[in-house]
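Construct the complete structure from the given sequences, taking the supplied hints into account.
In order, the protein sequence lines correspond to chains E and Y.
Mapping of the first sequence onto our numbering: position 101 corresponds to residue 861, and the numbering continues sequentially without gaps.
Mapping of the second sequence onto our numbering: position 48 corresponds to residue 719, and the numbering continues sequentially without gaps.
If you are wondering where the hints come from, they were derived from the structure by calculation, not from laboratory data.
Listed below are several chain E residues computed to face chain Y (Cβ distance under 7 Å; list not exhaustive):
#1 830
#2 848
#3 877
#4 881
#5 882
#6 962
#7 966
#8 1009
#9 1106
#10 1120
#11 1211
#12 1212
#13 1216
#14 1220
#15 1252
#16 1261
Keep in mind that this is a model prediction, so the values were computed, not measured.
Virtual Cβ for every residue (Gly too), placed ideally from N, Cα, C.
Next come the chains, spelled out residue by residue.
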Amino acid sequence: MGILRSLTLLLIALASALSLPATAQEDDPGTALLTNLAEAPNSKVEEALNAIVSSGDPRARGWLEAYGNNRLSQVKNTGQVVVVLNNRGRDWKIANPLTGENMGEMSRRELDRVAINNAIRGQLGGILAMLDLNAPDPDVREASAQDMMGKVDALLVEPLEARLELEESAKVRNRIEEALAIYRVGEGDLDAVEVLAGSLHPRARASLNVAVRGDDPALAAKAKQALSTIEQKLKLNRAAETLYFGLSLGSVLVLAAIGLAITFGVMGVINMAHGELIMLGAYTTWGMQQLLPGQPGLALILSIPAGFMVAATAGIIIERSVIQYLKGRPLETLLATFGISLILQQLVRTVISPQNRTVVTPEWMSGSLVINDALSLTLNRMYVLGFALVVFAALMLIMRRTRLGLEVRAVTQNRNMARSMGIRATRVDIMTFALGSGVAGLAGVALSQLTNVGPNLGQNYIIDSFMVVVFGGVGNLWGTLIAGLSLGTINQLLEPWAGAVLAKIIVLVFIILFIQKRPMGLFPQKGRAAEG
Amino acid sequence: MTIKKHVKLGLSALALSVSLNAMAAEDPIKVGILHSLSGTMAISETVLKDTVEMLIEKQNAEGGVLGRQLEAVVVDPASDWPLFAEKARELLAKEKVDVIFGNWTSVSRKSVLPVVEELNGLLFYPVQYEGEESSENVFYTGAAPNQQAIPAVNYLMNEIGVERWVLAGTDYVYPRTTNKILETYLMDQGVAKDDIMINYTPFGHSDWQNIVSDIKRFGSAGKKTAVVSTINGDANVPFYRELGNQGISASDIPVVAFSVGEQELSGIDTGPLVGHLAAWNYFMSVDSDANYDFIDQWVAHTGDEEAVTNDPMEAHYIGFNMYIEAVKKAGTTDVDAVKDAIIGVSVPNLTGGYAAMMPNHHITKPVLIGEIQDNGQFSVVWETPSTVAGDAWSDFLPGSKDLIADWRKPMSCGTFNTKTGSCGASAGEMAAADE
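As structure tokens, then:
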């Protein structure tokens, strides 16, 4: 059947190729250019690329981009070069690069990919950057000038200098000057070192480092001096970066732990399935993205309420079916919820898949906010940091300002008295547990942007969550926030110095010692609440 | 889907009972499958169980072997290392299987080793590993370090001109041994100690900010830098994501990975990773008819048009066919006869060549370097001119330099010291002593 299908596909493809006016195909100079590229051995690829660029064909850019993205293929038995529109699965969607016309699907067996490797991709990047240097948008020009850094060679100097004359934007001028200086330092130009002395770009440092090791003593001395000024500036940036890393790891810990701070901290239920509630939130995000293909951003935003609802519902089921019968028996609760966590994990493995699921990061969350060349803050983590703070603020508001919050506090402080005042303690239990679980779902939605969405997601966070809650002081939301952020920062401060494995161990030892000294954590509950 | 499975099960049971009636004299050949179907390793190992089942189905459709049908006996060691040993014992002692296909992690293999040697079983191990082992009862169809790590480093050094190296790995035996071998190898090649950075992270590490920023800094010293990654399993996803977010592209600092395959990439948006490298002995994108047929078969078996194949699956494909050939050659499934017969057996691999079983129980494999593409596949950019034979004992470690393994008679030894001319402890004894 497979053969039959590929045969029909081949026939369709052939028919569509034939239906094109044959003369147009053969006369088009693009055919020769592309075939030349497709059939060039590695050493001739540069020549073939140059031929395409210098042809001045308006379609050249599209071809080069397709080539750079691994999207050019040659049909095995006709030798025709095609653009692959969709290269997933066994049958690929292809189009004619000359006319842009859709050519339907073709089996992967019939296509030969036009090979490209990193070295060629680097050259191609330089070529495309050079084309972009004339773009009307200054941001595009700046980005392409930045791409040129470290790629300038003797041939490019003249066109770049000419461009510098014309350039109006100061930012782009700076970039081009730096790119030229990197080349000139390599050629032994002393003045160029001055230009680079103020640059934080890693490529500038790289070229200065090469100069320091070079043969020219005057150049080496000057480069060394420039490097030490750069190092001074870098130190400050590095400190800021570490702080950001710490806060961002901390925000993840806070998010994972804050739901537990309610179920464990306020209600006193040791819920080992907390991690799996986080996992359910993450899977909700995946499910949403499956429902809304092509709109990952919208799906992510909708996942926030959906993840909350799914996890909260799961929480209610767990509370009603198991936890309510084990009230006041912490050991049994621990064992039972641990069992639930295993059941939920295996359920996901059996029903969905043991494989991790792909959650797409929307465009506006990928990449980073560039402060300067040495300091850029990754956007996805910045959103998660903001989200953690918003969730925390909302929870504080609920606990402090709403009737539910009041009732929760009343029931946890003195259950019997609260009941005698007419509060339905059972209903409050359900609502509290649902709230804590729902917040775990929110954490899952956020974590789906940072880590793997798979059956084991929850396991990785359960220990950390308990650590944060205990360290912060059981029953205190502020404690959880401070504990999470400070543990994250301590961890990131230690990591460059001790390595990731040792840093984790040191933090754990630190918490154990701390709890020995202050058994109630950072912010112990005071007064009568503590005894309830 | 479950209904379909039930129907399938029912049908195969029916077929089995029919064939049993037809030739009651001949028992089926029992094939044990020892792969985790639950727990952390299920992500990697379930597909291998499915692969062996698919191969058995196909072999049975072709009439089995020696006129006997094959029957899969599946157990679930649940990613629990001691349970692997128990389940292996169950397979060999209770189920009396003729051969076992199984294990992924080295620690699970080490836990099974003493059992397989004690009960004289056959185990086909399909995953690339750190070497330093050769057991009479185990056939290593995955890559040894000289079939993956060393050629990859050579490629980076000679073709890309890398002078500065980051060896990043997960903190357990495979990365630590591999990195030790690589460090010695690099220093032998004249790389200064300052130009090597080694970093270990725990399993499932998800916060890579600091490490990636360290790598970025290490790479700005003016020498071409590359990362050699032995980071295991799904910890890779956040690692690559962080690389992309911090703007490290493959043309700045390429990452070559030994544990990232099509399976791992299927859980990630590969856009920012285009151009990063992996070294394997098989890629799903390999252009050969054997491979395309295998993929068609796999898609039909799983019923999933998007299903991916990977290197350990190819290893099972080779191992399974080698076993079948050896049984044919020996004319029996008797373990000792098969063990002798399989050395020298050569079967087609999926990359268009042949794999042969060497006397040290490792096989010959081509080494391929592939670049990640935006569709989650690799495109081959370099390969060894011919196949490379697996080396059980690395030439770059002080303890193992003089050791060789040769299971042909009269030597029949996995730890033969060429200096002293004596044979050391067996792999199972060593594994048992480690515990």
